[in-house]
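Q: Chain residues, written in single-letter form:
There are 2 protein chains.
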Amino acid sequence: MALLQLSAHFSSSSCAFFGDDDVLSSTSKTLPLLRRNVKCRCIAEPVEMMQTVYKTKVSRNENMAKLQAGYLFPEIARRREVHMLKYPEAKVISLGIGDTTEPIPEVITSAMAERSYALSTVAGYSGYGAEQGEKNLRAAIAETYYGNLGIQETDIFVSDGAKCDISRLQILFGSNVMMAVQDPSYPAYVDSSVIMGQTGPFQKDVEKYGKIEYMKCTPENGFFPDLSTVSKTDIIFFCSPNNPTGSAATREQLVRLVQFARDNGSIIVYDSAYAMYISDDCPRSIFEIPGAKEVAIEISSFSKYAGFTGVRLGWTVIPKQLVFSDGFPVAKDFNRIVCTTFNGASNIAQAGGLECLSPQGLKAMHEVVGFYKENTDIVVDTFKSLGFKVYGGRNAPYAWVHFPGRSSWDVFEEILEKAHLVTTPGSGFGPAGEGFIRVSAFGHRENVLEASKRLKELYM
Amino acid sequence: MALLQLSAHFSSSSCAFFGDDDVLSSTSKTLPLLRRNVKCRCIAEPVEMMQTVYKTKVSRNENMAKLQAGYLFPEIARRREVHMLKYPEAKVISLGIGDTTEPIPEVITSAMAERSYALSTVAGYSGYGAEQGEKNLRAAIAETYYGNLGIQETDIFVSDGAKCDISRLQILFGSNVMMAVQDPSYPAYVDSSVIMGQTGPFQKDVEKYGKIEYMKCTPENGFFPDLSTVSKTDIIFFCSPNNPTGSAATREQLVRLVQFARDNGSIIVYDSAYAMYISDDCPRSIFEIPGAKEVAIEISSFSKYAGFTGVRLGWTVIPKQLVFSDGFPVAKDFNRIVCTTFNGASNIAQAGGLECLSPQGLKAMHEVVGFYKENTDIVVDTFKSLGFKVYGGRNAPYAWVHFPGRSSWDVFEEILEKAHLVTTPGSGFGPAGEGFIRVSAFGHRENVLEASKRLKELYM
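So the protein sequences, as listed, match chains A and B.
For the first sequence, counting from 1, position 58 maps to 58 in UniProt numbering; every step adds exactly one.
For the second sequence, counting from 1, position 133 maps to 133 in UniProt numbering; every step adds exactly one.
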């Protein structure tokens, strides 16, 4: 079937391609207001001309059709742009996407610059690296974050970020697994599950996909799910310190989680991307918990520690002890996924990651984290002073602010419209996030202070 | 079921985790030679101790189990390592994996170093970039490679490399499509299809996966498939200049391919990662062919133009005119895939890519390509002088050398064993590659000359 439509994007040279082709003339029906059977006329300047609208016979992937609206953060970016068109003079401040704002410490960027320059030398040039990451970086990650936990260099897979590894893990698991997820949670867990065909359709009445177990995390249960009500699933995505609620699970809670996984034979995918924000004695890694190595994978990232959101560097830990029901090591299949669908993180980013884990790099990262934690205090204090119930913040760069009885998107729009501040609507993270907004503490100090001032004007 | 096995990887601190846990004692059977029911003893030094071998109840993804052996290139790397252990004194030269060897031109690395340093400044810092790539880079790619072909900036998706985008495209298509592929071809097309569950099991007798259409490319058909014998499929992966055969399709051949796709309603995924190696008038892009924008996606990469194999930067072009059978734009779904499973290429790599497309960067890339093309001439002349039939080479950095009647892996082993040269066995690219080896022309000049000398000694 061929339809006709206007196009203004053809120059004379591309037009020439259509010269003696029959593509343009096989027209069966037309769109409204468009002439039919108009031949291509090649002239010197781009011009509105007729072009076939042809449909392939390839069916759209039905899993893609299940996805609701846009992915959350691009949708927020879109609304922000609309707002900025409406108020071109407004100074919009983002406390939304969780994007880092502070410069990367020089010790780290210098290492990346040096690696860049070295790539212009015979001695310093390197081509394809190991898909799993450079050996010294894997070793440094194992030593720094898992030094006494029995995790080895070869258990570490360096990646271009936790979000990317979430999808690679979903490819690994395939379409026949069922997953559980904290509700609310970072949207990539659920969306990647939908894309891989693990789920049923979206059920509008409950705002959940079929065949996903949503583990409700609310103030009532201290943001840790009541495992006695959670159905057995193959995979359990669990993020601590949690994005978006900002809550970190305690050791005792994680012991229960690991036992729950062991009892059910499940695999936990533990997202520890905010572990360095923990102030108290909550575990930094799931592998601090006895027996976790046989039931857990951990994903993490340099993004929120060193401002690497744009540089792209993370890692995934898959202990050799973790095996499928047939005894096949999960790490072996993940290695195959990484070798086939990925080609390693950028060597320049890896040089930066290695420097992050040097003594001076670690010190610099702690300073970055400390700065954002001060921001978090400002945000938390602001909302508390206004009488809101605020959760999180202590062990994470996110405050989870309660607006009981209100729609998250309405609150999002209110704050954007009246204070020119971008937040994140809690319902974007799952149905249990309704009535909350997530306020990120990433931002320059003056912006956070200005945001605090505007919020006080709005809600005082 | 819990088994016991020796482990020497637990320090005292991790051992402590097992203190009052019942994990270790629930032993139902033991492995040979291992004592059972030995309790964990915590002492100061790492020690061999008993550790539960626990199996999850998660079934291994059956698609992963279909995959044969290792991915080709890691397997070659493994054999190379075995060889180097056997001959520690040998100077092994790789003409194997197709990895670039020459330093990246300074104009390009300087741009990356500057971007690195800038990330330490308030003005130059950037966090998350657009998942689709930076606007100026997308515009530069559209202008440089598709200037007069009607491809727009918004049709370009910047990525961390063509291999990664191949898998993202497979996720986009899902498990219910059937694909055709050149035989032989770059293994990532087939392997990613297997992983996504598009195929049947591997059929050992014909060395093909079920439900993949293998389009035979041999000297007899000039390495372009006889489309009259090719079954209709949803997707057609097509690489030109081809890896591994080194052949580039002519304009007339690509017109036939596009017409074939249009007749069948198929989508072509056109891999043009070697387009800059074309010396004659073969098309550099599928979009030079009339009607291609409605049936084709193009993937490409900076890897082989600027030595970016380790830096990681590529792109995919999905014209807005390409739609599924229900009229839904393919690019819209791909955008969702990119936003959900990826977070953009490294901003430092993107700064390099932008510089690649400046006048001086383009000049530098042409010099890099020219150097490798001289290498290719040396390789081709060497094998020709020895009486071999050599294909490819003219428009690609690969020579495809025929050893009629012999096993590719045997030839690979012979050349490795006797000349300490790593090549790539043709059968690793598909059954029609049997009897061939791919010889890559990436390498320092002295190594290519030395390889030529050794080959002459071996086969003279």
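Just so you know, these hints were derived from the structure itself, not from any lab.
A portion of the hints provided could be inaccurate.
Calculated pairs, EDC-like style, for lysine to aspartate or glutamate (alpha carbon to alpha carbon, straight line, at most 16 angstroms) [claimed, not checked]:
| hint | chain 1 | residue 1 | chain 2 | residue 2 |
| --- | --- | --- | --- | --- |
| 1 | A | Lys384 | A | Asp326 |
| 2 | B | Lys66 | A | Asp326 |
| 3 | A | Lys418 | A | Glu457 |
| 4 | A | Lys55 | B | Glu62 |
| 5 | B | Lys57 | A | Glu457 |
| 6 | A | Lys332 | B | Glu75 |
| 7 | A | Lys332 | B | Asp263 |
Q: Checking one constraint from the list: CA of Lys57(B) to CA of Glu457(A), max 16 angstroms. Satisfied?
A: violated, 55 angstroms
Q: Would you check the hint for Lys418(A) and Glu457(A), treating anything up to 16 angstroms between C-alpha atoms as holding?
A: Status holds; Cα separation ~10 angstroms.
Q: Does the structure keep Lys384(A) and Asp326(A) at a Cα separation of 16 angstroms or less?
A: violated, 52 angstroms
Q: Regarding the pair Lys55(A) and Glu62(B), is the alpha-carbon distance no greater than 16 angstroms?
A: With Cα atoms ~33 angstroms apart, Lys55(A) and Glu62(B) exceed 16 angstroms; violated.
Q: Quickly compare the C-alpha distance for Lys66(B) and Asp326(A) to 16 angstroms and report which way the hint goes.
A: Holds, at about 15 angstroms.
Q: If you draw a straight line from the CA of Lys332(A) to the CA of Glu75(B), is it 16 angstroms or shorter?
A: holds, 14 angstroms
Q: Does Asp263(B) lie within 16 angstroms of Lys332(A) when you go C-alpha to C-alpha?
A: violated, 42 angstroms
In the structure shown, a violation is registered for the earlier hints numbered 1, 4, 5 and 7, in ascending order.
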